[in-house]
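Take the sequences, apply the hints, and build the full model.
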Amino acid sequence: RLAAASMLVAAAAMIVRALAGDGAVLLIGTVVLFAAVGVGNVVLPPLIKAYFPDRTGMMTALYSSLLAIAAFVPPLVAVPVADAAGWRVSLGLWAAFAVAAIVPWVTMLVRARRSSPLPTTGAIDIVEEPTPRVLGRLPRIPLAWALALTFAISAASVYACFAWLPVVLVDMTGLDHAAAGALLSLFGAMGLPWSILVPIAVTRWNRVGVVYGVALVAGVAGVLGMVLAPTAATVLWVILLGTPQGLFPAVLVMIQRRSRTHEGAVALSSFSQSVGYAVAALFPLGFAVLHEATGDWRGALVSLGILFLFTIPAGIIVTRTRTIEDEWERRHGAW
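Each residue of the sequence shown is one higher than the one before, starting from 195 at the first, in the numbering used here.
Calculated directly from the structure, the hints in this document are not laboratory data. Hints are not guaranteed to be accurate.
Now the in silico label distances, taken between C-beta atoms and shown as ranges [as the list claims (entries may be wrong)]:
1) Ala276 x Asp248: 39 to 49 Å
2) Leu220 x His456: 35 to 45 Å
3) Val283 x Asp216: 15 to 25 Å
For glycine and all other residues, C-beta sits at the position ideal for the given N, C-alpha and C.
The following block contains the structure:
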């Protein structure tokens, strides 16, 4: 129900944005849209754990791959659609995808109610809000903070690059806006191969540490390239900067693998994404503030490199084969 409701609200918000008559309405629609998308992101990992406990890697790969496609396709088509049909159509056409996403969830709800007139107790009702008791325990568990930090690194770097990478490329490399936009799409497209490979690496090969190591090395190398020699291999630097997007599907899988109970998975998903999105919302602003303070993008890029370094402590903790329930019981007694 929550998944269907979030998509319904998202569709309505996109329509409101398309019909907005002033900036205030556009802003309100955007805030509501982000909130709806955030709810959907929180409930999907527990849904995968509930409905596909033996295929978490495959389903997470499918989910995160579609997210990656959704990240790089809009920058490619938004401007041509706006030029051809107007900006309102360019904003509103995405509501069709949200409406399409509602259909399977509503179908499942209808079938469940037809099969039993009584309130269902099976998987259809299995995703609920995290209980205050469980959610209140997570700030005392290092593993929960490590996953939240991982999500924050992935989301903050993506948000900062989507907001500022074209401007950085224009200012530091002399590219025109069209070329910078194309490289932004390349950056977004980097999420696709990692969305396919990372869940397999984690679930089948248990290579969690490798995922963190690749994200760290690639991210720092991309930052160093942009800072020291931005014009030498610009495409390569963008590819490297896009590689840490692989941490996002890693978090989605690890939420399921680092929780033993369903209520633990729901709470861990809520906690890690709430903390992660809070950091991600502030980081692009801090990125811009550093640029204004220094008059140069290099300081802001260095802050991005420092952000990537936090994958070291996060990765050390997440690679331990323990669940949040195990950590709580080891430290505080019965879960």
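Hints versus structure:
no.	hint	verdict
1	Ala276 x Asp248: 39 to 49 Å	holds, 44 Å
2	Leu220 x His456: 35 to 45 Å	holds, 38 Å
3	Val283 x Asp216: 15 to 25 Å	holds, 19 Å
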